[in-house]
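> Sequences are here, hints too, so could you generate the full structure?
Protein chains: 2
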Amino acid sequence: MGPTRPRPFRRPPEFRQGLYTRAVNTISFARGVPAPECLPVEELAGCARVAIERDGAAALLYGHTLGYEPLRAWIGERHGVDPARVVVTNGSLQAFHFVLAALGGGRRIIIERPTYDRPRKVLSEFDEVAIDDQGLDVDELERLLIASGPAFLYTIPTFQNPSGVTLSRERRSRLAELAADGPLIVFEDDPYGLVRFDGERLPSVFELAAGRNVVYSSSFSKTIAPGLRVGYVLVPDGVGPELEELVASTYITPALVSQAIVLEFLRRGLFEPNLERVRGVLRARRDAMLEALEGELDGRARWSQPAGGYFLWLELPGTVATDLLGRATGAGVTFVPGVDFGGGPSSARLAFSFASPAEIEEGVARLAALVGSPAAV
Amino acid sequence: MGPTRPRPFRRPPEFRQGLYTRAVNTISFARGVPAPECLPVEELAGCARVAIERDGAAALLYGHTLGYEPLRAWIGERHGVDPARVVVTNGSLQAFHFVLAALGGGRRIIIERPTYDRPRKVLSEFDEVAIDDQGLDVDELERLLIASGPAFLYTIPTFQNPSGVTLSRERRSRLAELAADGPLIVFEDDPYGLVRFDGERLPSVFELAAGRNVVYSSSFSKTIAPGLRVGYVLVPDGVGPELEELVASTYITPALVSQAIVLEFLRRGLFEPNLERVRGVLRARRDAMLEALEGELDGRARWSQPAGGYFLWLELPGTVATDLLGRATGAGVTFVPGVDFGGGPSSARLAFSFASPAEIEEGVARLAALVGSPAAV
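These protein sequences, in sequence, are chains A and B.
Heads up: the first sequence at position 186 corresponds to 186 in our numbering, and the numbers run straight through without jumps.
Whatever position you read off the second sequence (first residue = 1), add 1000 for our numbering.
Accuracy of the hints is not assured; some may be wrong.
What the hints assert, rightly or not - Simulated pairs of lysine to aspartate or glutamate, EDC-like, Cα-Cα distance not exceeding 16 angstroms:
| no. | chain 1 | residue 1 | chain 2 | residue 2 |
| --- | --- | --- | --- | --- |
| 1 | A | Lys121 | A | Glu315 |
| 2 | A | Lys121 | B | Glu1244 |
| 3 | B | Lys1121 | A | Glu245 |
| 4 | B | Lys1121 | A | Glu244 |
| 5 | B | Lys1121 | B | Asp1340 |
| 6 | A | Lys121 | B | Asp1340 |
Think of the hints as simulated: they come from the structure by calculation, not from any bench.
All figures in this text were calculated on a predicted structure; none of them were measured in a lab.
In structure tokens form, the structure reads like this:
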């Protein structure tokens, strides 16, 4: 090729794989995807080789339906529960399906408003209980429980998706009591809990209820890598064996090689240092977003102050978020309108997990310019 | 420890992992598990490292809902179909669920008698069509289609689980015609097709029907390793996008790391040599089982003559297989009674995939001793 010919534009591999739907130059606040800098690629490559070499006979065959036994043991020890209560699945959404089938039958299903869009799509019928800046409105929940029968609650108490809000200590205790008292089964989804930037860790509802009628769900998607698809639930005593037939009839066994890779990562002591790194990367992005919003939208919008996780919730009074999205996409910035999560028409979810701090600054400026434009009010 | 103290018995890792439920010294003809010798452990360990190192950004993030794009491209090319029609899942049982939900609605479900026990458990209602030594009785199927409405057929035409039988060329053509003509959607499950020991490859029903109303399903469980959980289906045009929402709501994306490992294995040209090795290992076991049966049970039983796969079907006139199993377990040999697959009371499935040739000889001798005993008749 001659030197005068321009070099063809090479999109980075994640674009060529179709991983991101954003156009070039578009800044995405839409997808809850970790920044590539969060991925411990080299470490996982080494772990993968060793995990297969050392335990290939177990990791490469059909193993236990409820997951790779040494990983179940590790998770059980970490959470102080019998490994028989640990169910490791291909990502925690899959676990939600299993638990819902086993424990949700005959119960009213309650979700938060707003909440993660996947459960909203999975569930055919549900009631909603609002969240505020202290998380789920437990008073409203209690009224609903009194008015109706036993219920199954899906909640993300820590750094909630989509709001970024965290359930207060006091409300956690009340939720745990409602579960322990019997009328309520709580599915506590906690993918982001370890991705905390500031403040003290709060006890989980599962811990406060001593596991009674609380299913705790987490995964390694946000702490190691989502493409491994390793999620898990801690279920009440006796539920594990009940799930075996259902799990086996769904996929025989989960992807054990992924689970063996995760275990090797844990065994090598790479988990905590990686988590520190991830927290640092994401804290800088959260800070960049809060600072940009303060500089660009102060007085024109309100937003949550997440102490961890991936997301922030924006309220733009007088602006219809779906209209804004249409114009924002043209201007090179995207987000998810709050209505997709059951939120109001002027709300939006902004993910700070993926774009760089510089992109975040630029993206918020692009958004703010549109909010200020006449068409927005 | 003093030299006079006996060394403690150390069970091999697969036992400690709970992988096999058989007791020590028991010879298992029960589980359809590959022999450990079939697993390319070292090769996969190397592939895993390189796959993650080279394509970590794609394999470790959330990728395409329908599977790792480069693997979909490889599979599409191998089968001569547009990659948009390839759906890669966490094992092919999971794919069966998706396809059933997308295409089975409102149709009568038909399975083979006997057939793989998982679909029997998954399906709440079904009709059965018998198989003989030429495979599915297509005459009976046709009568059923005429008598009733449109149907969805689950079939394993090649080296069937549990019978080991292969659908004849002539019946394949008729099945393809029934599908192409419209009243029938065929789900062709083909996990064993490449594990052929003798004879010529037969065209798949999918190929004979040019894909019209036939979904072809296969996996890398029997050709590379089951613990990777990489299965796939080739679906009719337009069905892929229809499945995206369902798949995303089930598990977001499949385990992409596993799929990247499989692709690396394929790219390195390891697939065909590995397949040759697997065929050799399993052919020796099939031969050992046929020879042992001939020597031990000639005239007292009948059995199928599988040209590939994992299984052989045994008919023991005058013997109730569940009774035999009770006594056989005591004598150190296990199998699965045919009734678990919809077979008759005197039938049994013997897997030759796992036990060594010497164990197979011994296990068949143990079985034969019981069949000959007075309690058996």
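> Each of the hints needs a verdict: does it hold here or not?
Structure-based check of each hint:
no., hint, result
1, A/Lys121 to A/Glu315, "23 angstroms, violated"
2, A/Lys121 to B/Glu1244, "13 angstroms, holds"
3, B/Lys1121 to A/Glu245, "9 angstroms, holds"
4, B/Lys1121 to A/Glu244, "13 angstroms, holds"
5, B/Lys1121 to B/Asp1340, "10 angstroms, holds"
6, A/Lys121 to B/Asp1340, "36 angstroms, violated"
Going through the hint list in order, the structure does not satisfy hints 1 and 6.
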